[in-house]
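Q: Below are the chains, spelled out letter by letter.
Protein chains: 4
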Amino acid sequence: MGLKDNDRAEIEALRAETRPTLRAVSEGMEAHLYHAHEVLDHGFVRVVDYMGDDAAICQAARVSYGRGTKSVQNDEGLIRYLMRHWHSTPFEMCEIKLHVKLPVFVARQWIRHRTANVNEYSGRYSILDREFYIPSAEHLAAQSVVNNQGRGEALTGEEAARVLDWLKADSTRAYDHYEAMISQDGQQGLARELARMNLPANIYTQWYWKVDLHNLFHFLRLRADAHAQYEIRVYAEAICEIVKDWVPAAYAAFEDYRLGSVQLSGKGVACLKRMLAGEEVTQEGSGMSKGEWREFREVWG
Amino acid sequence: MGLKDNDRAEIEALRAETRPTLRAVSEGMEAHLYHAHEVLDHGFVRVVDYMGDDAAICQAARVSYGRGTKSVQNDEGLIRYLMRHWHSTPFEMCEIKLHVKLPVFVARQWIRHRTANVNEYSGRYSILDREFYIPSAEHLAAQSVVNNQGRGEALTGEEAARVLDWLKADSTRAYDHYEAMISQDGQQGLARELARMNLPANIYTQWYWKVDLHNLFHFLRLRADAHAQYEIRVYAEAICEIVKDWVPAAYAAFEDYRLGSVQLSGKGVACLKRMLAGEEVTQEGSGMSKGEWREFREVWG
Amino acid sequence: MGLKDNDRAEIEALRAETRPTLRAVSEGMEAHLYHAHEVLDHGFVRVVDYMGDDAAICQAARVSYGRGTKSVQNDEGLIRYLMRHWHSTPFEMCEIKLHVKLPVFVARQWIRHRTANVNEYSGRYSILDREFYIPSAEHLAAQSVVNNQGRGEALTGEEAARVLDWLKADSTRAYDHYEAMISQDGQQGLARELARMNLPANIYTQWYWKVDLHNLFHFLRLRADAHAQYEIRVYAEAICEIVKDWVPAAYAAFEDYRLGSVQLSGKGVACLKRMLAGEEVTQEGSGMSKGEWREFREVWG
Amino acid sequence: MGLKDNDRAEIEALRAETRPTLRAVSEGMEAHLYHAHEVLDHGFVRVVDYMGDDAAICQAARVSYGRGTKSVQNDEGLIRYLMRHWHSTPFEMCEIKLHVKLPVFVARQWIRHRTANVNEYSGRYSILDREFYIPSAEHLAAQSVVNNQGRGEALTGEEAARVLDWLKADSTRAYDHYEAMISQDGQQGLARELARMNLPANIYTQWYWKVDLHNLFHFLRLRADAHAQYEIRVYAEAICEIVKDWVPAAYAAFEDYRLGSVQLSGKGVACLKRMLAGEEVTQEGSGMSKGEWREFREVWG
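Protein chains in written order, with our numbering: chain A, 1 to 301; chain B, 1 to 301; chain C, 1 to 301; chain D, 1 to 301.
All clues stand as given, with none of them false.
Just so you know, same-sequence chains aren't split out, so a pair can sit in one copy or run between any two.
No farther apart than 25 Å at their CA atoms in a straight line, the calculated lysine to any residue pairs in the SDA-like style are these:
hint, residue 1, residue 2
1, 290, 225
2, 290, 74
3, 168, 179
4, 290, 87
5, 267, 277
6, 168, 42
7, 244, 32
Keep in mind the hints are simulated off the structure, nothing from the lab.
Please work from the sequences and hints to get the whole structure.
A: Here it is as structure tokens:
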């Protein structure tokens with residue numbers, strides 16, 4: 001993975017020393033702090049800081065003076081109620097700051113979520129590392145034949161080998177030239193802000209990303225979804241594991257009301273009611289398009 | 001002030017117990033945590049939580065693995081550089097959560113700053129307290145005669161007494177009727193969401209307000225300014241004192257580059273250059289309007 | 001309603017003159033432009049400007065050079081697809097600017113939607129009008145006995161009369177004193193920014209509110225909902241009628257996938273599947289709390 | 001440039017037909033609508049839609065019923081006042097929608113401005129075009145020797161030739177392999193969402209970008225600045241020319257109070273006052289760091 005020895009040493013140093021605080025502390029999150037959870041071939045997700053816990057959500061919802069905890073059971077019920085009724089502001093009262101290393105094409109998808117704070121490693125100012133994402137064999141997928149925006153089975157045989165060769169060779173050559181262009185050894189050296197344009201989208205970048213829990217849940221709902229691109233989904237899944245330990249009650253409500261939920265259209269509600277009444281419903285009689293009907297049947301059989 | 005005994009007890013309980021954390025800790029901020037800093041006659045500002053410190057700003061700017069601190073001096077220089085050149089994203093990496101009690105007319109001004117998270121005490125759900133802002137004698141100011149949007153000298157004598165009497169009597173009567181309308185004693189009781197409409201804008205409300213340091217500085221620059229309405233300025237000033245202890249280097253840079261700064265227009269720069277060259281410049285020759293020229297002279301004499 | 005004669009004259013003048021434009025034009029929306037749709041006793045909603053139409057949503061989704069319209073049918077299908085799969089950014093490409101007159105307590109709820117642009121009439125700078133919301137008899141509702149955050153049946157008899165008397169008398173007196181305090185007739189006159197604090201929350205204010213279609217739909221979903229407070233719901237409903245004429249295809253998709261939709265939790269999905277299989281499901285066997293089960297039964301019987 | 005014949009035909013069709021509207025119309029902007037202003041070697045900026053004009057800014061600031069225009073002179077004065085005193089909300093009442101074609105490394109910088117709406121051409125769904133940014137000789141700059149984040153003189157001779165050769169050859173090869181990987185001719189074909197990772201950051205992408213005038217001014221202040229990277233600055237400059245014709249009064253105020261302005265720190269103000277009083281001030285006596293002093297002298301000599 002993409003950690004160097006001195007990076008590891010810095011992380012160890014941070015994990016070695018606790019300090020007293022009066023703030024809300026999530027024990028589950030303290031165990032994650034600073035650890036680099038590996039994702040893809042050189043990427044990671046590290047929790048750098050966090051604010052709040054399950055009780056803090058309830059405390060804000062009640063605008064209370066103390067921790068707001070009457071009992072853990074009460075808090076869970078309140079959290080489920082808030083999630084169910086789209087009361088999003090109490091969840092905004094928790095905040096997380098992550099250090100993420102990720103391929104540029106994943107970063108470009110990720111950044112579409114605008115309600116977050118970002119500091120990215122600067123290719124104008126600094127020299128980028130020679131680290132590229134090369135998919136493992138089972139993730140070298142073919143274009144989907146049913147979905148313009150998805151992927152199908154893994155490539156095999158010569159085709160797979162050829163693709164891997166190109167991805168590796170082109171990355172290597174692009175980085176060799178990047179290095180040679182910025183070199184100031186016997187030449188002026190091209191500006192870094194220009195030289196970086198030669199680097200492909202599978203190069204790794206890194207950033208600090210800070211977001212509140214409500215917006216994080218929105219990100220996770222879209223990116224941990226089965227239709228999300230695999231390379232961003234694995235980041236979302238790694239973050240899900242972290243959030244589960246940070247705010248267990250909120251995460252459980254998120255799983256039930258968002259991740260595992262189904263949104264029924266007005267037409268879908270009408271169809272289900274007819275089916276519950278014993279009626280046989282067909283696409284023609286559903287009022288839905290073929291695409292909608294296919295998605296409806298995927299859930300309801 | 002507006003704290004009840006059980007509020008004080010809850011605050012004391014929170015201040016009594018520290019817990020270990022691996023996160024960045026600001027000693028200066030720990031001393032403020034939970035304390036209610038009194039503002040106006042019944043209001044307060046309390047820090048409920050915070051994330052980050054001066055070093056966290058530098059750590060994010062450098063996208064580093066450790067604390068990012070090479071030396072305090074380096075960090076201060078970097079922070080001043082970031083502030084001077086409007087690199088705002090590293091400041092967004094610090095976050096503060098406040099519990100604020102404030103009159104509704106102040107809350108209405110405050111909420112115009114949209115990049116923040118808010119949970120307000122709900123007058124639909126709960127019964128509001130009988131607490132109203134009544135200005136002290138020296139802040140019972142007349143309308144400004146030079147500025148449509150400002151205030152002049154304090155009212156005096158009978159006029160002042162009459163105003164105070166009205167403010168007190170109208171608040172009291174409005175609240176009496178509010179209570180009588182929602183009472184379920186021998187009657188149905190008006191819905192709270194309706195009854196609250198009888199309450200004047202000097203009633204106190206409270207909220208949890210969470211904001212990142214960059215947006216907080218923006219709020220403070222506008223609201224701690226001499227032209228801001230006194231009743232919101234005192235909140236901004238109380239927060240300034242807190243931020244000074246939380247992130248001393250960032251606050252010092254903010255004071256120098258924002259609070260104490262002067263923005264010169266292109267015309268203003270041209271005038272100052274002529275004045276530095278020994279020329280006498282008049283409004284007519286400045287290219288500025290009368291208003292601009294007056295503001296320019298206020299600074300440069 | 002709250003329009004004065006010169007306001008009407010200004011509106012008429014604007015409606016009298018068309019000008020040629022190369023931009024996308026929505027005929028349905030042109031018919032609404034500037035008209036004041038009355039809401040409550042003195043309020044209104046007026047469309048001041050708009051950007052885009054149904055075709056503009058598709059044009060942005062396709063990042064196309066022309067109007068993006070292949071056929072109206074294609075556009076409708078694409079719009080339904082985008083709405084169903086939460087592709088929100090194409091809907092952000094339409095924008096609406098409204099002039100709204102509304103009671104302050106409604107404005108305070110409205111402003112909680114932060115992703116919008118607002119210019120409110122300033123009580124620091126200007127003198128507010130003597131206009132207060134007084135509920136009609138059938139909307140003078142009692143507190144709900146089952147829902148802390150709702151209302152029940154209308155008050156009747158003496159209780160209703162007493163409430164109306166108080167609301168009217170207190171508003172009148174508060175405004176009389178407001179006027180007397182700011183008067184500069186024989187006295188200094190209290191600053192407007194202070195005097196306004198005596199005014200109750202049923203006084204009318206007005207603002208320009210500009211928002212993109214995606215965020216407007218989010219607002220409408222929450223505020224046109226049966227659980228929203230009546231006094232804001234009527235504004236949302238008036239806006240729904242406008243949006244229906246502006247972007248008919250997008251509004252139809254919104255009605256089907258949002259307004260008329262049902263969100264099922266993971267537990268709800270499991271229950272429905274068992275019910276479809278002919279099983280009798282009870283609250284105890286559902287895994288849901290009593291509140292969730294009640295809400296589930298309200299939809300599915 | 002990157003327009004194909006059918007793109008041109010679509011643009012011509014849109015420009016051929018005007019329709020009547022009741023909305024505010026900016027004549028200067030109508031002349032720009034849909035035209036593709038060329039930027040760099042294959043990029044462009046096209047205005048797709050706009051909302052509002054100078055008068056609309058004043059209308060919102062006054063929350064007025066009509067156009068808000070008392071006289072052009074009054075409007076200009078009000079606009080200058082609003083800009084000078086950071087009253088940003090009236091400027092948010094104007095909106096612009098652009099279609100931009102730009103290299104990916106420019107897009108990555110651009111997107112850091114989060115308060116905007118974006119629809120980007122999807123490399124998951126569609127096949128990207130074979131178009132790459134290759135700098136012209138005079139913009140093939142060396143790394144700056146004084147500024148880590150800037151560029152110096154243009155490269156010359158063999159070094160320049162070598163860089164250009166690499167940029168061209170690597171782009172061509174990367175695209176050849178991209179095409180070969182996604183080809184379904186005699187093979188499965190790699191998923192587009194994966195194949196795109198082989199493409200370098202100088203490939204062109206395109207997007208619809210919609211933003212309000214206040215946030216656009218913020219973007220322009222940072223990106224039309226002399227310290228911005230050349231490749232994004234040329235886009236900002238092209239947009240400046242458009243905005244100048246759209247809202248001439250607002251743009252003039254922006255030029256004077258933002259683009260051409262100087263922000264003086266508290267220390268800078270103190271120094272200038274001493275200099276105005278005839279004193280000779282040195283870095284040591286200024287309280288400024290060397291960097292600050294250099295920047296101060298650049299302006300004040």
